[in-house]
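Student: All chains should be built: construct the whole structure from the sequences, respecting the hints.
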Amino acid sequence: APLIVLPLWSGYPNARDGRLRVRFLLGFALATAATYAVLLLEPSVWHAAGEAFHRTVGFQIGRSSPFSLWDWRQYHARGLPDLHLVQRVLQGALVVGALALGWWPKQRSPLRLAAFTAALLIGFESVLTYWIYHYLVWFFPFVAVALLAPAIPAPQAVDEPAAA
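According to my numbering, the sequence shown is numbered sequentially starting from -19.
Hints are computed from structural coordinates only; laboratory data are not their basis.
Incorrect hints may have been included.
Stated by the list, open to error - Derived Cβ-Cβ restraints for the label pairs, each shown as a range: (1) W84 - Y55: 39 to 47 Å; (2) F33 - S106: 18 to 26 Å; (3) L91 - F8: 17 to 25 Å; (4) W84 - F47: 30 to 38 Å; (5) W111 - A14: 23 to 31 Å.
Beta carbons: idealized from backbone N, C-alpha and C, even for Gly.
Tutor: Here it is in structure tokens:
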């Protein structure tokens, strides 16, 4: 889920400023490396990394759900549509939208950032095969900020009084 907001957040506050984007991406890479540094404590780093991937991302990708709209195909019942292709199309559209938000809008306020982050996370959760209500905490803070925070206008330039 955090990767879907990476293009959006890397362009804060100005999407066209390459220096800020590079600094953000370096910080992201450093934080990711620090997070996975715990794997260095294992005797076989590659085995530990593969096991970590298999038990997190790999497990979620292959997970089925009896309550999912996208996983009706598991029932093999007549009349139930297989929506797997629709799910893949929507997932692709979500990725395209996330990449577009990496470039547009040019200027991002904290309020815009919260609103777009909420939209991306809600979209991400909507196309997951396995979903549970515990996932609401992923996007709820961003929705709350976007809906409840007052829109603060940009500060106006104050003209300096002419020196006498």
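Student: Provide an ascending list of the numbers of those earlier hints which the structure does not satisfy.
Tutor: none
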